[in-house]
Amino acid sequence: CDSLALLNGRGTISNGNEPNRSNTNNNGNTCNDGNSGNYHGDESIDQITVTAGDIESGVPVPSGDFITEGGRAYVTVKLWCWGSGASDTADIYLTQDASSPDWQLLNSITCPGGGAQTIVQAFDVPKGTNQSIRVNFRWGGSASTCSPGSYDDHDDLIFTVKENPNLTPPPTPAPTQPPTPVPTRSPTPMPTNSNGPGPSGPQTASYDAALGAPKCSYGLSCDSVGLLNGRGTMNNGVEPNRPNTLNACTDGNGGSYHGDESIDRIVVTRASGGDGDLTEGDLVTITATVWCWNTGSNDRIDFYYASDASNPVWTQIGPRKTCPGGGAQTMTASFTLPPGSLQAVRANLMYGSSDAGVNKCVTGSYDDTDDLVISVKPNTASIASISEAAVRPSKHDDVQGAIEFSAKDAEADFLMKELHELNTGGVKPDDGSDGGKGKGKKGKGK
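For the sequence shown, the positions run 17 to 462 when the working numbering is used.
All clues stand as given, with none of them false.
Here are the simulated lysine to any residue pairs, SDA-like style, with alpha carbons at most 20 Å apart:
id	residue 1	residue 2
1	Lys178	Pro78
2	Lys94	Asn31
3	Lys178	Gly87
4	Lys94	Val136
5	Lys393	Asp291
6	Lys393	Gly217
7	Lys393	Ser233
8	Lys393	Ser350
9	Lys143	Ser116
10	Lys94	Gly156
It is worth saying that the hints were derived from the structure and are not from the lab.
Produce the entire structure from the sequences given, and follow the hints as far as they go.
Right under this line is the structure:
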């Protein structure tokens, strides 16, 4: 679905009046464009396209098929960005019902440069045959479905989605009396997958109000997209649903967006490859997209995991890391998923190097802490092997059983210690004895 020139321009901007402005859904709250500036000197959305397919290694790959419920698609947005583009951001939203829109944020993307730019965002197509994309293009400010700036542009594109009969079952037919079947021999059943349903593919997080952080369902990976972008109430970069942490950690509010520190995105992926859902025992990688101040030499990050997101006990993954440079940086840490169906990872970006304290977060004026909750499938192969060994018969059931379970307890303790040492890289967990005390630090010299 391609808007072509129907969205080109913005409001009543000089030399660039937008046709049928404001091109936002009248079934929701109509959102008016800003009218300041000049066409292709200041901000405008010029074209929106939605295509069936996905983004592979950063490159859009069309499937050549219909946009279908349960499938993948990507939105391509052509923009005109002012100056260097660093102050302009496009918030991309999706609703599965254009007749009664409930906008869900897919991502917030800063212009990669000035002038004519193209940005792309992939998404999972939900149920619904009449869906819509909204792009909110803003100068400064924070993520919004309708920012009020005089240089801001807002455009919707409504597109039709093909029904997936596996997601939308047909009506149940009226019952009829079936004929008496001829007896047949039952076929040999096909073997079943002990891990349950097949893989669910990459997952995009949605905010979980009960937990207080973004959460993904079962899938190959978990991506926070734009839900963590910014920090606290910093200037021009208010973080959605701040602070996005599972416990008492709060963000600092000092500085300005993409001038000072912020965590903008967290992604968890299986490090060993494959197409199955994240499973206990998998080696996974946390990738944090962060903004580091100045040269980055004064900014550091800690990574943690918790096996139970509903009652997190944080374990640090390896040592504290220093930003490799200033501006946008990508930092990673890997660990092995322990037992637990609802786990969490944490990134804590800080100015300086203070003690994380009992809550496992540094909370200075320029510091950002964000959590991402992931759903993890059980490792049924390991469970089956333990169960089989535990019920192995013996002529001395009482004595043999006691010996066998004691050995298994010792083996489990040893394996859990090895797993902990592998994940922490030799960093001892903080037992909280240091309390909240931290090293004093000077303010930034800006």
